[in-house]
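So the protein sequences, as listed, match chains A and B.
Under this note's numbering, the letters of the first sequence match residues 4 to 419, in that order.
Under this note's numbering, the letters of the second sequence match residues 762 to 861, in that order.
Read the hints as simulated data drawn from the structure, not as lab findings.
For glycine and all other residues, C-beta sits at the position ideal for the given N, C-alpha and C.
Be aware that one or more of the hints could be misleading.
Heads up, incomplete: computed chain B residues facing chain A, CB under 7 Å, no partners named [what the hints assert, rightly or not]:
#1 Glu796
#2 Arg808
#3 Asn810
#4 Glu848
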Amino acid sequence: MKFSFGTLLKEALSGHRGWPRQWREPEPKPAYDVVIVGAGGHGLATAYYLAKEHGIRNVAVLEKGWLGGGNTGRNTTIIRSNYLCEESEALYEHAMKLWEGLAIELNYNVMYSPRGVMMLAHNEHDVRIFKRHVHANRLAGIDNEWLDPAEAKGFCPILNIDSRLRHPVLGAALQRRGGVARHDAVAWGYARGADALGVDIIQGCEVTGIRRAPSGEVTGVETSRGFIGAGKIGVVAAGHTSVIMAMAGVRMPLESFPLQALVSEPVKPVMPCVVMSNTIHAYMSQSDKGELVIGAGTDAYVSYSQTGGLHVTRHTIEAIAELFPVTRRLRMLRSWGGIVDVTPDRSPIIGRTPVPGLYVNCGWGTGGFKATPGSGHVFAATLARDEPHPIAAPFTLDRFVTGRLIDEAAAAAVSH
Amino acid sequence: MLQIRCPWCGEDRPEIEFRYAGEAHVVRARLPADESDAAWAEYLYLRTNPKGWHAERWHHVHGCGRFLNAIRHTVTDRIAVTYKPGEPRPTIDDQQGPTP
């Protein structure tokens, strides 16, 4: 069913009883051309673009839990493309361009809201690195501008720019095209789009093994719902990538850490943009429901627990209360954790692996949501053609052997 | 927050006294220049990252200042045992690990 003003009006008049299911719940077939492991935003986007742009529709997306229930539903939904290296600029800007047309592309409102992302500088080093980012981005045709403290406060009036703060605001880098989107809607929109093109989304189906032929190439996956044959396997399993890849005997340059977020009780609109602070490990925006959405740093240690230490969120809350004094008496409603797969250079890994037929898209670490459309788009092309999409080409697994790293530790914006 | 027993101090201390120092028992080659690129990348970057028992190093920075090793379960975060560097890795029979 195509959403339009006409269908909305018809359903409004008939009590909203005629809306169909947005995607099927199929039984797994014995085999598929491509099996995607992980039905988060990146995996669903991959399946969607495989079907839409490459005509590969005999595709299954396997999900051990429910669709969009991992990091897609747990992140703070920030979208920006102000990364430092040319390779990353190309990748994240590719995603940004897709975000701008995504609701129309999917006929699904992903509530993309380019309200501006402002990154605060608190010391001389921050100022220099952010100015370097601004210059690098502008050379690449990506919008990013430098604001002095008064201009930063003008853009976000609740910001405290008192020079006596423990970490005073010395300036900010602002990407006006940056913003937020509705994370669930992104997963649902891609799921609906992929399903309509014939992709089977199979939830509650955990991959427990990867079967390989004597010659080495993959033949399918063992799952909690039986064996499913596959010509190609794309692993898009975020924090669990190391676990899945170990099933094929591949060791990954990844570590999985809990990353926490929390939301306040809903209040009237006070926050017109996204503000991030690397130095004091805090970022905040306001959802359409009125909750202040706050992101914290990662825990120090490897964990799959989807919870984190209270001292991590406490540290973030202290920073938020200092930067935004208006929040000091707010109550927090919920906090949670997601498991992020972090690479040594804070850049993702997209492409082939040493195992024929096995592909991986991982290592998005603390900032994968912003890349969802671009990630799926270039990974689908890589899977379909068996050669890296030009934008994905630098993000190979073997860059850790050749030494050609893409260091984005400063742009990743979350302390690790 | 984790409670970590420092085998040097002999006391359970809160996690914020310590700094995490990565996977334990990752051995640096005696002559890195003689290593192949792949072997050197393995040492620098490849990690087990298991869902289960994990041998890891901690640095008691706000205590005795010394390093220690711990075996912790990465789903429950329970620490089964801590031991001094140089001691062999203990085996943990309990594969699942009781929830705390």
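### Task
State the violated hints by number, sorted upward, taking the hints as numbered earlier in the document.
Of the numbered hints given earlier, those the structure breaks are 1, 4, listed in rising order.
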